[in-house]
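2 protein chains.
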Amino acid sequence: MISVAEAQARILADLRPTPAEIVGLSEALGRVVAADVRARLTQPPADLSAMDGYAVKSADAEKGAILRLIGSAPAGHPFSGTLEHGQAVRIFTGSVIPQGADAVLIQEDAARDGECVHVRESVRPGRHIRRAGQDFRAGEVVIPKGKKLTPRDIGLAAAANYPWLFVHRRPRVAVLSTGDEIALPGEPIPEGGIVSSNAHALAALIRAGGGEPIVLPIARDDVGVIAEAANAAAGADLLVSTGGVSVGEHDLVQSGLSKLGFEVDFWRIAMRPGKPLMYGRMGETPVLGLPGNPVSALVCGLLFLWPLLLGLSGLTPEPPATTRARLGAPLGANDKRMDFLRARLSRAEDGSWVATAFPVQDSAMLKLLAEADCLILRPPHAPAAATGESVEVLRFAAFGL
Amino acid sequence: MISVAEAQARILADLRPTPAEIVGLSEALGRVVAADVRARLTQPPADLSAMDGYAVKSADAEKGAILRLIGSAPAGHPFSGTLEHGQAVRIFTGSVIPQGADAVLIQEDAARDGECVHVRESVRPGRHIRRAGQDFRAGEVVIPKGKKLTPRDIGLAAAANYPWLFVHRRPRVAVLSTGDEIALPGEPIPEGGIVSSNAHALAALIRAGGGEPIVLPIARDDVGVIAEAANAAAGADLLVSTGGVSVGEHDLVQSGLSKLGFEVDFWRIAMRPGKPLMYGRMGETPVLGLPGNPVSALVCGLLFLWPLLLGLSGLTPEPPATTRARLGAPLGANDKRMDFLRARLSRAEDGSWVATAFPVQDSAMLKLLAEADCLILRPPHAPAAATGESVEVLRFAAFGL
Numbered sequence: 000m001i002s003v004a005e006a007q008a009r010i011l012a013d014l015r016p017t018p019a020e021i022v023g024l025s026e027a028l029g030r031v032v033a034a035d036v037r038a039r040l041t042q043p044p045a046d047l048s049a050m051d052g053y054a055v056k057s058a059d060a061e062k063g064a065i066l067r068l069i070g071s072a073p074a075g076h077p078f079s080g081t082l083e084h085g086q087a088v089r090i091f092t093g094s095v096i097p098q099g100a101d102a103v104l105i106q107e108d109a110a111r112d113g114e115c116v117h118v119r120e121s122v123r124p125g126r127h128i129r130r131a132g133q134d135f136r137a138g139e140v141v142i143p144k145g146k147k148l149t150p151r152d153i154g155l156a157a158a159a160n161y162p163w164l165f166v167h168r169r170p171r172v173a174v175l176s177t178g179d180e181i182a183l184p185g186e187p188i189p190e191g192g193i194v195s196s197n198a199h200a201l202a203a204l205i206r207a208g209g210g211e212p213i214v215l216p217i218a219r220d221d222v223g224v225i226a227e228a229a230n231a232a233a234g235a236d237l238l239v240s241t242g243g244v245s246v247g248e249h250d251l252v253q254s255g256l257s258k259l260g261f262e263v264d265f266w267r268i269a270m271r272p273g274k275p276l277m278y279g280r281m282g283e284t285p286v287l288g289l290p291g292n293p294v295s296a297l298v299c300g301l302l303f304l305w306p307l308l309l310g311l312s313g314l315t316p317e318p319p320a321t322t323r324a325r326l327g328a329p330l331g332a333n334d335k336r337m338d339f340l341r342a343r344l345s346r347a348e349d350g351s352w353v354a355t356a357f358p359v360q361d362s363a364m365l366k367l368l369a370e371a372d373c374l375i376l377r378p379p380h381a382p383a384a385a386t387g388e389s390v391e392v393l394r395f396a397a398f399g400l
Numbered sequence: 000m001i002s003v004a005e006a007q008a009r010i011l012a013d014l015r016p017t018p019a020e021i022v023g024l025s026e027a028l029g030r031v032v033a034a035d036v037r038a039r040l041t042q043p044p045a046d047l048s049a050m051d052g053y054a055v056k057s058a059d060a061e062k063g064a065i066l067r068l069i070g071s072a073p074a075g076h077p078f079s080g081t082l083e084h085g086q087a088v089r090i091f092t093g094s095v096i097p098q099g100a101d102a103v104l105i106q107e108d109a110a111r112d113g114e115c116v117h118v119r120e121s122v123r124p125g126r127h128i129r130r131a132g133q134d135f136r137a138g139e140v141v142i143p144k145g146k147k148l149t150p151r152d153i154g155l156a157a158a159a160n161y162p163w164l165f166v167h168r169r170p171r172v173a174v175l176s177t178g179d180e181i182a183l184p185g186e187p188i189p190e191g192g193i194v195s196s197n198a199h200a201l202a203a204l205i206r207a208g209g210g211e212p213i214v215l216p217i218a219r220d221d222v223g224v225i226a227e228a229a230n231a232a233a234g235a236d237l238l239v240s241t242g243g244v245s246v247g248e249h250d251l252v253q254s255g256l257s258k259l260g261f262e263v264d265f266w267r268i269a270m271r272p273g274k275p276l277m278y279g280r281m282g283e284t285p286v287l288g289l290p291g292n293p294v295s296a297l298v299c300g301l302l303f304l305w306p307l308l309l310g311l312s313g314l315t316p317e318p319p320a321t322t323r324a325r326l327g328a329p330l331g332a333n334d335k336r337m338d339f340l341r342a343r344l345s346r347a348e349d350g351s352w353v354a355t356a357f358p359v360q361d362s363a364m365l366k367l368l369a370e371a372d373c374l375i376l377r378p379p380h381a382p383a384a385a386t387g388e389s390v391e392v393l394r395f396a397a398f399g400l
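Chains as they are written, first to last, in numbering that gives the first Met the number 0: chain W, 0 to 400; chain U, 0 to 400.
There could be a bad hint or two in this list.
Given that identical chains are not distinguished, each listed pair holds provided it fits within a single copy or across any two copies.
Think about it this way: if two alpha-carbon atoms lie no more than 20 Å apart in a straight line, the pair counts; the simulated DMTMM-like pairs of lysine to aspartate or glutamate are [claimed, not checked]: (1) Lys56 x Glu190; (2) Lys62 x Glu388; (3) Lys146 x Glu348; (4) Lys274 x Glu107; (5) Lys274 x Asp334; (6) Lys146 x Glu370; (7) Lys62 x Asp112; (8) Lys274 x Asp108; (9) Lys144 x Glu20; (10) Lys335 x Glu391; (11) Lys274 x Glu186; (12) Lys62 x Asp46; (13) Lys258 x Glu186; (14) Lys144 x Glu26.
Treat the hints as calculated values from the structure; they're not laboratory data.
Turn these sequences into a full structure, and let the hints steer you where they fit.
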């Protein structure tokens with residue numbers, strides 16, 4: 000058995016991100032940019048007014064002065080003339096500052112009377128002017144390669160004049176469930192069988208992680224059938240299987256994939272839930288074999304599939320980041336396997352997190368997993384821990400999971 | 000001017016969530032369930048083995064005993080007979096426990112020799128058996144109404160035998176940008192004009208919040224044109240406008256919408272950035288008028304549009320939740336307007352957040368907003384604050400923004 004950290008390091012080594020594709024700006028949210036986005040223009044393009052008011056020469060605009068209104072320049076309609084001494088031009092937020100003006104008298108500090116503008120407060124030079132290039136200049140990198148695009152980045156890319164963006168293609172992830180005992184939801188269930196949940200949960204996790212799931216038909220517990228099913232994953236960036244990787248006689252997935260040239264790297268990890276994890280490559284394609292228990296499959300999905308998805312998407316492939324919390328209830332000592340306890344989170348009065356493990360931790364209890372807010376990490380051989388002790392947790396909400 | 004909290008309370012009062020629609024399980028991630036999801040079956044459906052090994056009578060399985068192997072029951076292939084004293088049936092994780100057996104001897108504790116199974120460790124009654132209904136029972140609520148579906152919930156709904164789910168329809172949100180000076184990215188830019196960024200950033204925010212954006216064509220600064228453009232929002236669950244809600248002569252959006260029966264509730268908020276915010280209703284449809292400055296539009300988007308989206312989606316409409324952080328640099332005293340400072344976040348050695356405001360806070364600087372990790376909240380009249388003082392922040396990552 001190898002440690003969780005070693006398994007993560009081996010899985011994330013030598014990952015190649017997907018190549019780039021072009022997407023419209025309106026479809027680029029959450030995608031990872033594959034090249035630096037350099038501004039195609041300078042923003043603001045000229046000195047602009049930051050307020051509604053009057054463009055003036057600051058030397059003229061002393062408190063008590065009266066200026067003559069010579070025109071108006073709404074945003075998008077620059078004033079074509081040049082401002083001379085004693086003059087003012089009506090302007091608005093976003094208006095280009097007319098030639099000859101060096102400040103804005105805001106309208107709250109002015110009184111207008113026909114063509115006369117009375118100055119009620121003196122104006123400093125440069126006041127309420129947004130300088131050309133204050134936000135960014137043409138050629139400047141506004142979004143660095145490898146960033147996942149937020150709504151703010153989408154706005155920034157628009158302002159930098161990008162109708163299209165180069166982003167990494169969504170990783171295509173084939174999901175293969177195996178087992179004679181499982182049926183699709185709503186379909187006939189074999190005697191003693193259960194409804195397949197792993198493939199659907201993992202497909203959702205793949206979507207949440209920016210990938211494109213390809214859910215393959217369920218393969219019967221037969222080496223040839225599994226090989227044929229996995230063959231349908233050709234062209235995928237990653238193949239994920241669930242079930243069939245246990246220590247019993249039914250280690251069929253590995254045998255099935257071996258027919259397609261699968262080379263196993265490792266397949267047992269010192270963790271709970273989820274010991275029987277398998278990793279390797281089929282040609283260039285990474286293959287991750289997750290346990291069949293739904294809780295184990297999803298916990299391993301967060302620990303191993305999630306960072307794989309990030310790496311394939313062009314992000315830095317790192318194990319999911321933990322948060323610190325205090326224990327809401329004591330925990331016993333741990334054995335040699337790293338433990339990931341399903342737990343509730345609440346807030347202490349000082350705003351810090353309090354994590355309380357569920358009393359029952361069976362790896363087949365999906366309902367409790369769905370109700371959990373986090374996993375408490377218990378390192379191998381961790382001693383018993385009292386209420387209030389600090390522990391590391393993986394918050395599901397931190398990953399949108 | 001009204002406070003941010005009052006504006007949020009007024010916006011979120013009397014919100015009606017969208018009606019339900021049916022979506023396939025594979026499309027339900029991130030949707031909000033519109034009715035309790037009750038399990039359609041009991042899980043596990045029968046007592047199942049939690050391990051690979053042998054089904055036995057615990058009374059027989061004392062250390063040193065030899066049992067006779069009478070059959071095998073892989074998962075999905077239950078053993079049809081009844082186990083008698085001195086017998087064992089080969090079983091696997093997920094296999095139905097045969098009639099007559101009351102425990103599982105795990106294979107690590109057994110040695111097999113033809114039809115003989117040597118017991119190496121005594122077995123307690125009930126050991127390694129997952130009881131029928133341990134996860135959930137038919138009829139039990141497994142996902143409560145109003146929950147946003149995570150990948151774990153998708154797995155749970157599958158296990159509960161749901162191929163379809165009732166979810167709230169995605170709120171349709173029409174986005175109207177106005178202004179003679181703005182152009183779409185990649186299209187000809189008028190003299191003194193800029194590229195429109197607000198509509199694209201807001202559309203992305205709407206998507207991130209579970210809504211379906213409808214980006215209306217840009218309306219010129221003309222009351223009639225604005226009225227016609229807004230009319231195209233018929234059938235939307237919410238209309239969001241940007242720009243044209245300032246205090247100057249160009250308050251065109253309100254005039255335009257008034258032609259369509261718009262009734263304004265309020266339109267000035269004691270906050271920075273973002274004072275000129277407008278809210279009201281056009282018939283049944285809520286209308287949110289955001290400022291034209293890109294930073295103001297997005298900050299107001301998080302404070303007011305985001306909770307509106309949650310409420311329309313069927314979630315509890317609440318102002319976005321803050322986190323506590325310590326200041327990484329001192330802040331001056333605040334005036335009467337609540338301030339939302341763009342800031343970086345880092346982690347202190349004890350794992351707590353440290354927020355450091357950018358020195359420049361101009362509301363037109365979109366690049367700095369995109370680089371920010373959070374907004375530091377500065378209440379009205381907050382006194383100067385020293386490095387290390389505790390403040391409230393809105394973490395963009397906490398909202399997936």
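Indicate which option fits the pair Lys146, Glu348 if close means a Cα-Cα distance not exceeding 20 Å: within, between, both or neither. neither (35 Å within a copy, 26 Å between copies)
20 Å Cα cut-off: does Lys274 pair with Glu107 within a copy, between copies, both or neither? between (70 Å within a copy, 15 Å between copies)
Have a look at Lys56 and Glu190 and pick one of within, between, both or neither, based on CA distance no larger than 20 Å. neither (88 Å within a copy, 23 Å between copies)
Can you tell me if Lys62 and Glu388 fall within 20 Å by alpha carbon in one copy, between copies, both or neither? neither (64 Å within a copy, 40 Å between copies)
How would you label the pair Lys144, Glu26 (within, between, both, or neither) given a Cα cut-off of 20 Å? Answer is within: at 17 Å inside a copy they meet the 20 Å cutoff, but 30 Å across does not.
Is it within, between, both, or neither for Lys144 and Glu20, if the alpha carbons may be no more than 20 Å apart? Only inside one copy: Lys144 and Glu20 sit 14 Å apart there, 39 Å across copies, limit 20 Å.
Tell me, please, which holds for Lys62 and Asp112 at an alpha-carbon limit of 20 Å: within, between, both or neither? within (16 Å within a copy, 106 Å between copies)
For Lys258 and Glu186, with the copy left unspecified, which applies at a CA distance of at most 20 Å: within, between, both, or neither? Classified as neither; 30 Å inside a copy, 54 Å across copies.
One pair to classify: Lys335 and Glu391, alpha carbons no more than 20 Å apart. Within, between, both, or neither? within (18 Å within a copy, 41 Å between copies)
Under a CA distance limit of 20 Å, which applies to Lys146 and Glu370: within one copy, between copies, both, or neither? This pair counts as between: shortest inter-copy Cα distance 11 Å, intra-copy 32 Å.
Checking an output row: Lys274 and Glu186, CA cutoff 20 Å. Within, between, both or neither? neither (30 Å within a copy, 56 Å between copies)
Could you place Lys274 and Asp108 in one of the four classes (within, between, both, neither) given a Cα distance threshold of 20 Å? The answer is between: 18 Å across copies meets 20 Å, while 72 Å in one copy does not.
Violation of the numbered hints given earlier is confined to hints 1, 2, 3, 11, 12, 13; the remaining hints are satisfied by the structure.
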